[in-house]
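Protein chains: 2
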Amino acid sequence: MTSANLPPVCILGLGLIGGSIMRDLSARELDVFGYNRSRSATRAAQREGFDVSTDLADTLRRAAEASALIVIAVPMEAVGQVLAAIAEHAPHCGITDVVSVKKPVYDLVRSHGLQSRYVGGHPMSGTENSGWGASLEGLFHRAAWAVTYDYAAELDGAGTPVPESWSTLFVQVCTLASVTGAEAVPVSVSRHDEAVARVSHLPHVIAESLAIVGDHGGTLAQSLAAGSFKGATRVADTDPSLVRNMCETNAEALVPVLDEFIALLVDARATLSANTPSLKQLAESGNRAYVRMGARSGARHESVSPVKISSRPVMRVHPGAPGWVRQLEQIEALGGRVEVF
Amino acid sequence: MTSANLPPVCILGLGLIGGSIMRDLSARELDVFGYNRSRSATRAAQREGFDVSTDLADTLRRAAEASALIVIAVPMEAVGQVLAAIAEHAPHCGITDVVSVKKPVYDLVRSHGLQSRYVGGHPMSGTENSGWGASLEGLFHRAAWAVTYDYAAELDGAGTPVPESWSTLFVQVCTLASVTGAEAVPVSVSRHDEAVARVSHLPHVIAESLAIVGDHGGTLAQSLAAGSFKGATRVADTDPSLVRNMCETNAEALVPVLDEFIALLVDARATLSANTPSLKQLAESGNRAYVRMGARSGARHESVSPVKISSRPVMRVHPGAPGWVRQLEQIEALGGRVEVF
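Which chain is which? The protein sequence lines are V and X, in order.
Sequential numbering from 1 applies to the first sequence in the UniProt record's numbering.
Sequential numbering from 1 applies to the second sequence in the UniProt record's numbering.
One thing to keep in mind: the hints can contain errors.
Identical chains blur together in the list; that is why a pair holds if it fits in one copy or across any two.
[What the hints assert, rightly or not] List of simulated lysine to aspartate or glutamate pairs, EDC-like, C-alpha gap at most 20 Å:
hint : residue 1 : residue 2
1    : Lys103    : Glu77
2    : Lys230    : Glu128
3    : Lys280    : Glu77
4    : Lys230    : Asp51
5    : Lys280    : Glu164
6    : Lys280    : Asp239
7    : Lys280    : Glu128
8    : Lys230    : Glu339
9    : Lys280    : Asp55
10   : Lys280    : Asp267
11   : Lys280    : Asp237
12   : Lys280    : Glu252
13   : Lys230    : Asp156
14   : Lys280    : Glu48
Hints are computed from structural coordinates only; laboratory data are not their basis.
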């Protein structure tokens, strides 16, 4: 998977994620340009020598001329508007995105009739900071980069061949992930949203709630707070509008996961308030779950090699080859990464 | 506050905390010896040149001869037994401890009639690992080290002078904290237990529960888990028996704090499952709480000096001077640190 598979890349939205992708591509001397709504952030990027503009229509016409891969990196609330502009100015470009929920984006993509030109994406990396000023090179190194393939799965399930243009786009998106140092993990839209509700959106809800409970303890609690508190609240530093965007647009998947979590706490509350307080069940099953998740990381911790080995099983896939969509489904079940060739 | 105030130190229990204290004192060439139940850990410590034994009675007789400061660093469940041995073999030594709950320890101390020889302690530092093998020099650097003073507050409240022997012991415990690089934070037993329920025990309950919810998501969720999940679950790696010990012995303070946390989640669940899902209130108040807690850290983040400035307000106190117990109460209200002179 080399950058030879990558056309010029047009990034719409240069916040933490979009900006970091631009830095990574630019550092590899790949052809990248972009659009940002904020004039001050755009000027800051221009001063660093990046090829960016505040004119969306103009940027999209340029993308159309260059047959660029368009990366939608705006907040969820702006995706509909950006897709409308793409449908108008660059309807034949391949499109991907980096939004942290996939079903709401896919619904909008379909409503604009762009699904044959779309492969969803979600790099699982970030910091508690946001905006161009927070972007940095190398942010995605070794991170998972979810890549959706529902369009191909739907066609394949109906016995319809997947168009070559879509397979090519899938390769491009996997290549984009790869050149930033990330690992492409194929996943369906719905399984993605359920998984990130568990491992990303729930932790955000927890961080906000725990920050409030800690703050209720006043200066003494703040003074005594150590690693466990800091680790669990760090992401409460995130701009609340971004947290709302993630959680609200993924509420359908998040609510049942939140219910699972609340049920565990309610059980713990019951055993802790018994005459003989006990946390036996939660502490033991929690630790087993933690160890099991770590064990799946396999070589990552055990390797003595200075070269870190990815913990994710890899499957090499040739998009368009017979059975390739079935292969993606197998990798998804393993949480594995795909290498296209 | 120099190590001149410190008599020989006798550490009972050489796990992560007791072992790390031994390493710190030893590195400063202070007189330190100790006891550990485990023969293999004791041998490991001996091989590193530490003065440790598996004979508790013998170690305590030595402590009595040397008028040592005894540090109880065994798990909560073993504290009663250790106090009984101290009452038998070293009843005149000063005693402190490093157990993560203070009321259950203080109750046991009183039941052995040792309260005039006891100043409770709790260094707010640790890792997810345990045992001598996990101990390390410098673990407490810049950490808060809670130091209790209920005995003095009770006497002072009743208009009874605090015995000089107790004031001297208080100085010794603050000095112990100081020589490990920690900051002594005076706190009453009950306010300590309430604060650590918020900032330590609740995060442990959260980590266990979140690990289970993440694990339910299978390999895909594990593959997609990034910083927010890892930060919030890290302490689920802790030995479950230690987590049980902390949470079960502090259940009285932990249950109401858990109720506060559950109530926030139940509210969030309600607004997220509305027709128009919203996390506005939680995201905004959580972020405000986080920022407020950070703002209290004052100079810590803003200082441009290469010498880090402590975020905790400092008050210099001369134990035994008129009004000194009242000073401790003022520092406690600020979550500040005490410097004895």
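Okay, the hints, checked on the actual structure:
no., hint, result
1, Lys103 / Glu77, "within (13 Å within a copy, 51 Å between copies)"
2, Lys230 / Glu128, "both (13 Å within a copy, 14 Å between copies)"
3, Lys280 / Glu77, "between (44 Å within a copy, 15 Å between copies)"
4, Lys230 / Asp51, "neither (38 Å within a copy, 35 Å between copies)"
5, Lys280 / Glu164, "neither (55 Å within a copy, 43 Å between copies)"
6, Lys280 / Asp239, "between (37 Å within a copy, 12 Å between copies)"
7, Lys280 / Glu128, "between (34 Å within a copy, 18 Å between copies)"
8, Lys230 / Glu339, "neither (36 Å within a copy, 26 Å between copies)"
9, Lys280 / Asp55, "neither (59 Å within a copy, 31 Å between copies)"
10, Lys280 / Asp267, "within (11 Å within a copy, 28 Å between copies)"
11, Lys280 / Asp237, "between (33 Å within a copy, 15 Å between copies)"
12, Lys280 / Glu252, "between (32 Å within a copy, 16 Å between copies)"
13, Lys230 / Asp156, "neither (46 Å within a copy, 36 Å between copies)"
14, Lys280 / Glu48, "neither (55 Å within a copy, 35 Å between copies)"
Of the hints listed earlier, those the structure fails to meet are numbers 4, 5, 8, 9, 13, 14, in rising order.
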